Structures are given as structure tokens and as C-alpha cells.
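Student: Sequence:
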Amino acid sequence: MNETNTPLQKHETGIAGLDHATQGGLPAGQATLILGQAAAGKTVLGLQVLARAIERGEGGVFVTFEESPGQVKRDALSFDWGASLLESNRWQLIDARPRLGVEVAGEFDIEGLLSIVAAAIAQTDASWVVFDGIDQLLQYQPNPRVAIDQIRQINEHCEDRGWTMLLTGKATGDSMAPAHLEGIEFLLSATLVLSARIVNQQLNRTLRIAKFRGSGHVTSELPMVIDAEGIQLPYHEALPSGGVLTRNERLSTGIERLDSLLGGGIYRGSSLLISGRPGTAKSTLAGSFAQAAAQRGERTLYVSFDELEGSYVRNLISVGIDLRAPIEAGLIYFLSLSAFASQVSEHFLALRRALDAFSPDCLVIDPISALLKAGAVEGANMATERLIDLARRRGITTVLTSLSGVQDPEGEATQGQVSTLADSWIVLDYNVRAGERNRSLSIVKSRGTAHSNQQRELVLSPSGVTLADVYEHGTEVLMGTARKARKIEEQEEEHRRERKRQQRRTEIEQRLAQVDQERQRLTSELEQEIVDSTETDYQEGVYREQIKQQRAPLGESSALHGDDDAHNDKGDPQ
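Using full-length UniProt numbering, read the sequence shown as starting at 1 and increasing by one per residue.
These are calculated hints, taken from the structure and not from any lab test. Predicted model, so just to flag it, every value in this text is computed and none were measured. The beta-carbon is built from N, C-alpha and C at its ideal position, and this holds for glycine as well. There could be a bad hint or two in this list.
Restraint ranges, calculated between C-beta atoms of paired labels, are given here [as the list claims (entries may be wrong)]: (1) Gln123 with Asp160: 17 to 27 Å; (2) Lys373 with Ala450: 31 to 41 Å; (3) Ile488 with Arg521: 42 to 52 Å.
Given only the sequences and the hints, what does the whole structure look like? Please build it.
Tutor: Next up, the structure:
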């Protein structure tokens, strides 16, 4: 064997999530062990790696030790890539099962099998070799140490000839090794462990990279999905390269007064969480956002868990939100999912594929807390985190609704702890007073926004959704009938104040009229006084003149009188 100090070379499997988790693929020119219990996906993994290799122009050899060639082909045809695999001449299927009824005596020599494989590789120019169910062959080896040596021989054969090989085998119990092959996990450079467990009455598959010498890799257990496309590791595919574009553009929620409380709306590409108890109008606010997006000509992927499109759209019409036209125009793609029908990872995969196919500007998921029905809290948290991150990297504005925490229905905790991930968080609740239940809205957080901290009443009507004015009574915010009653009281109080003001104005006007009349009377008196004073002055002047004449000397008086007489004689005829 040629041992040189060369860096570890890797061979891509063609399974995006696996290549990402292993940082480039499995060890090239070596054997990798794949262990798992029944239904964990070992055979599917081997077939899918060969199918992807053939798509890249490479070849492959599949050696089966357990299933018949016909069954292997039927397995392959159940996947999208199966037909192209079977039609290709770049692969060969070798039936290496021991013959029925034949007893194996003595040790089994694997050299003959390797020679057959070498011939098949030469014909197909294969770069991948899969030994499926190697434990079924080596269990006939009576000496376990010899069986381990034969695995070592297989691995060295791969290294000498540059074959990249997958060895699949069944794991029993908690052991990492298949039966009859204890210690094999220490021999090979890489080991993958597949598991299939029942969680919430559903089959839950995972993949774990138990070891990978000389390479970094994901160390956690990865959720795995097997669907029409084969094996998927939905949470561990490479994310879009480059940074996340930060935008300052704000988008309307469809409710003008709510936009004002949010400083003009939510940022494009951000995430908004709407949480609350059942019936607090979470779906209504989500529908309002989708309607506003359609009015801007933007595309929205609308995901509803556990409610069909027809009833969902009908219910929104009752509050003035009609999504029928934008759905028909292709601006809203409505996707209805059953939370119980699939695992959390399967739901995430369906949502990611919908995002890829529809390429929306906005995403609405109502409610995201439904993922808890499909799996454990950890799985729902992981799916939510990946969804928000994926949408953010693609610049998709996201609105999520969530039920308030069941352990704290009066508080603001959310199931799945989505509130820690969202950029903005609106809490809806009930305000119960005097036998009446009213909806309330408050903004808990909105990153990058000087938002309002007031609690507002959320009012639903056939004409639409709005927020009522704040009515405070002492330290309490009044809502519903109490708000209306308080408003009527304020109006009546204002009317009383207006009547008092009018009465006061009337009294002042009357007093002004009286003052004006008094002024006119005094003015007349003054004018009369002036006239009387003038007449008095004249009379007094005449009187003084008369006195003055009476006091004058006699001669002056006679002269004066004589002149008067003469004047009279001349003037009067005889």
C-alpha cells in the first residue's frame, strides 16, 4: 500500500446536505462504513450516491448481499432518479448473495469477489462501489478476527486502486458495529450512523457522522427525510453565499394606525411575529399584511397549517380582507399543510421547495407553532430558526403567527421561543371587563424602530381592521363598551361645558348691551348738559352785560339812550 503524506481527498456524494455536513464529501479512495437499523435508509443512500455519480458522468458498482437484484431495482424506481440510474450503462448490479441451501464450510475468501468487482469497474469506469449488507456475507466467516481482517483487506484494496466505497451493515442495539463485526468502526476512517425511531407516533430518521478522521464535520444528529427525491438533510444544505442585504425600506402591514405605531411599517426583509391566544385575530393581521403586499404588486407565499384555503379566505372576507383576486392573479400562492401528517423536517423541506418554486417577496406562516404538533420542541425550534434565516438571506419579508405559551397563557411567551428570533413582535390579547371581551394589541419589540409602547384596542368590522384611540381612565386603558361609555361621558361633559360657555357668553353680551345702553344714556345726558351749559353761559353773559350797563356813569348812559332815541326818531314816521 502506498502511504504518502498527502492531504485528505474527498469525493462528493451528490447529496447536498451530506456534502455540506462532511465539508465536501466522504474520503476518496477509502471505504466508509454506513450503519443503521432496519428502515434507516442504508440501501437508499448507496443507490442515491451512485445515481448522482452517474449524473456527473461517473460510473458505479452496486453489490448486494441481502436483497435480490429485482428488489434493488424496484427500490430505485420509487425515486425520481431511479429510472435514469437503471437505464444507464455506467453502472452494474452484482448479486453476491450466498446461494440458498448451500452451507459454507471453512473460511470465506473475499479475493474472488474483489476480482469480480474490479472487472465491473473496468467496464463502467466506476468511481463509487457500494457493498450493501456486507454483514450478511461476513457472518458466514466463523472467525470474527478473520472477518475484520477481510474488511481491512477491502479498505486497502480501495486505497491501492482509488475506489471510493460504501459498506452498509445493520447495527444491533446501541452498538456502532454490525453483528459479527465488533471493532470495525475503529478500522475505517469514516462512519455514518443512520437511525429510525418512533417520535410522536411517526417514524423519525436521523443521520450522524460518528467519525471522520482528518476532517471537520457536523457532530450533531441530523434530521433526515426520505421522499421522492431520495435522502434529504434539509437543515444542512449550504446557504446562499454573501452577506444579508440590509434595507431601510418599510412595508405596510395593511393597517394604517399600526404602521404609525411601528414608525411607518416593518423593514423589508425582516421578520414579524404575531402571537396571542386563540381568537385574538392573529390570522386577520397576517391576512391584512398579505393583502397589502398584493396591492403593491408583490408575491406572497401563504402557508396555513390545519385550515383549508377555502374556509381561510372566506373567514377573512368577513373582516374586509378579500384575497380571492390576488390568489387568482398569482400574487398569492396558498399552501395548506396538515401539521400531524408529516415530521417537522418534512414540513421544512416542503416550505423550502415552495420558496424555491414560487420565489416570493413575502412569506406568511399561520401558525408557526403548529410545527410542535409534528415533533419535539427541539425540532420545531430548529425548523423555525432555519426558516427565518433562509428567508432573511433571500430578502423575503416574513410574518409568523404563534400561539402564546400554554404554560403561561396570560403572559407573552411563545411556543417554540420564536419571539427571540423575530425582528418585530406584536402581542395580541383579550381585555375582559364588565362581562365584555375586547381584543388588544401591543408592540413588544421592533428592532431599529422607535415604536409605540401603548396598548391599543384592536377593532374588527366588516369594513376592515383598525386600532381605536387610547382612552385612559386613571392608570387603566378603556376598551370596548367602557371606552364607548367613557367617550359618551366625555362628549356629554363637553356639551355641558359648551352650554356653560354659551350661557356665560350670553350673560356677558347682555351686560355689554346694558353697558352700551347706559353709555348712550350718559352720552345724551352729556350732550344735553353741554347744550344747557352753553345756554346758561349765554344768559349769564347777557346778565353780566346788563349789570355792566347799569353800573356805567349817567352821561354815558344818556348818550347811549340819546343815540337810541335819535335813531328811533329817524326811523319812525310821524
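Student: So, against the hints stated earlier in the document, which numbers end up violated here?
Tutor: none
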